[in-house]
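Peer 1: Once you have looked at the hints, place chain F on chain X.
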Amino acid sequence: MTFEQLIFYVLAGIAVLASIMMISVNNPVKAALWLVLTFIATAGVWIMMQAEFLGIVLILVYAGAVMVLFLFVVMMLDVNLVKLREGFTRYLPIGVLAAVAIFAMLYMVLGPHQFGLDKTGEPVRFAADYSNTEALGLQLYTVHAYAFILAAVLLLVGIVAAIALTIRRRPPHEVKYQNIDKQVRVNPKERFEMVKMNAVKEKPVAPKQEGDE
Amino acid sequence: MFNAIQNWLSLFLYDWLAILITLVIQVVVVIMPIMIAVAFITLAERKVIGFMQVRMGPNRVGPYGILQPFADALKLIMKEFIRPHQSNLFLFLVAPVLALAPVIAAWAVIPFDEGVVVSDINVGVMYVLAVSSIVVYGVIIAGWASNSKYAFLGALRASAQKVSYEIAMGFALVTVLMVAGTMNLTEIVHGQQGGFWNWYWIPLLPMLAVYFISGLAETNRTPFDVVEGEAEIVAGFHVEYSSMGFGVFMLAEYAMMLLIAFMTAIMFLGGWYSPFEGIWLLDPLTAWIPGFIWLFLKVAFLMFCFLWFRATFPRYRYDQLMRLGWKVLIPLTIVWVFVVAIMHYFSIGPWFN
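Residue numbers (my numbering), protein chains in the order written: chain X, 1 to 213; chain F, 1 to 353.
It is worth saying that the hints were derived from the structure and are not from the lab. Beta carbons are placed, not taken as given, at the ideal position from N, Cα and C, and that holds for glycine. Take these hints with a grain of salt, some might be off.
What the simulated footprint calls covered on chain F by chain X, stretch by stretch (three residues with Cβ under 8 Å from a Cβ of chain X suffice, anywhere in the stretch; the number is not a length) [unchecked claim]: (1) 35-41; (2) 128-138.
The following label-pair restraints were derived from C-beta to C-beta distances [said to hold, decoys possible]: (3) LYS30/X <-> MET78/F: 54 to 60 Å; (4) LEU97/X <-> TRP326/F: 44 to 50 Å; (5) GLY13/X <-> PRO314/F: 47 to 53 Å.
Here chain X stands alone, though its shape is the one from the complex (with noise of 0.2 Å):
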C-alpha cells in the first residue's frame, strides 16, 4: 500500500462514517458537526485528485461559512423529539419505499457498471506545477464567461430579494433607530460650551441664632 492510498482510505472512511452518522444520529446540532466532518473528508478527497481550489473552496464556503450559519440556526430551535417521531410505524411502508427506489435509481447511474479503469481510463497525472485555480479560472472566464456573470447577477438578485423579505422598518414612534454616522461625526464642540463667568463671591449666610424661633 502507498502512501497516497492509505490517506485516500482513511479519508474515504471518514467521509462514509461521517455521512452515516449525519443521518442517524439524534441531536440536529450533532448532525450538523457530522455533516461538516464529511465535508473536510470529502474536500480532501478532491484535493488528492488534483482538484485543490475546488477542495479548498468546499471548507472554506461549505464548512467555514454556510454550517457555521446552519448550526446558528440548528442550535437555536428547540426540536421536540417526541413529536418528530409521531406515526413512524404508520409512514415506515412508503419511506422503505421511496428509499428503495432512490437506491435502485441511484444504482442505475451510480453503479459499478458505469465506472473503473476499463470505462474512465487512466486519470490523467499532472506535474507537479499543475495549477488547478489556473485551469478552472481559464475556462470560467472565458468559454463560459456569460454563464458566469449570469450566476453571479443572480446570485445579487437573490440577495436583495432575501434582505427585501426579511427587513422590518418599523415607524420611528415604536423603535428608537440610532443613526451611526450622526454618532460618529458628533462634534465635542457641539457638545460642550464653556461659558465665561465672573467670579462671584458669595454673601454668607447668617448664622443660626439661638432661640430665634
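Peer 2: Showing chain F alone in chain X's frame:
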C-alpha cells in the same frame, strides 16, 4: 533537509511509514517554537500593557518575570477541570481541540525563509483562509455545549463576527493575488524582492489596513472582543471552562494572532526580504542578517501593534462592529479590487512589470 531524512528512512522502512515519520518530525520542528513563542507573547502582552499604564507588569517569577508564562501554565494544569451541569460532555471536551487544531494546521504552508516551509502548495493563501475559517467551530461548539446562556450568546456573537470579517479578509487577499499573480506564499514573497518600495504595502495600503483590522476581529482582540465582553456576558464562550480547557482556548487565540501577523508580513511587508535591499551603504552593511530575522522583526512589530491596540482602544459596540465590517471594509475592498485592476492594466509602478 527533510527529503534527506525521508530518503534515509525509506532505506529500511515501508515507504508510507518513512513519509509519516518525516511528517511528524516536520510538525514538531514547526509547532514547538510556535508554542514557546505563544507562551512568551502572553508575557509580552502583560509587560507592554503594563508599561503603557505605568505599571511594572509581572516581575516576580524569574528575572524580570521571564518565567511567568510557565508559572501560569503550571497553575492552569494543576487546577480542577469542572464540567457544567447537563452539558454535552463530548462536545465540551472536543471544543478547545477544535479551536486549536486548525490554527496549528495553518502553519503547514507558512514559509519562514527561502525554502523553509513544510508544504509549499499552490493554493497557500486559500489554504490559510479555509483553515482559519474552521476555527469558528471551536467557539460555537464551546458555547453550545456549555449549556450556559452567557457562553451561548458569546458563541453567537463570535460566529456572526467571524463570518462577516472573513469576507473583507478574503477580498483583501484577492487584491494581493491580483498583484502577485499567484496563490503560492513563497511566490508572493518572491514578487516583493528588492527594497521596501517593492513590497505590496504601497499599492495595497488600504488593504493592509483592512486585513489587519479583520485580523483583529478574527482573533477577537480589542477593540473587537465583544465575544468575551466581560461587562455584558461575563467572559463569553469560554466562561464555563476551567483548567487546561481554558488554557487551550488562550493558546489558540495567541497562535491565531501570530498567524495573522505572519500572513500580514508575508503578503504586504515583503516576507523575509530586507527593507534596505539596493540602498547605497545600508544594503552591504545589513547583508549579513539572515532572512528569517527580518521576517521575525516584522512579525514582532505587528504583534506589538496587536498589544498596542489593546491598551489604546475602547471596545466597539456590537452594531458599530457589524457596520464597520459590512458597510466600510467590504465596499472599500471591492473598490480596491478595481483600482488594482486598473493599475495592472496600465502597468503602474514597479509591481506590475
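Peer 1: Give a verdict on every hint.
Peer 2: Against the structure, the hints come out as follows:
no.: 1; hint: 35-41; result: violated (count 0)
no.: 2; hint: 128-138; result: holds (count 7)
no.: 3; hint: LYS30/X <-> MET78/F: 54 to 60 Å; result: 33 Å, violated
no.: 4; hint: LEU97/X <-> TRP326/F: 44 to 50 Å; result: 48 Å, holds
no.: 5; hint: GLY13/X <-> PRO314/F: 47 to 53 Å; result: 50 Å, holds
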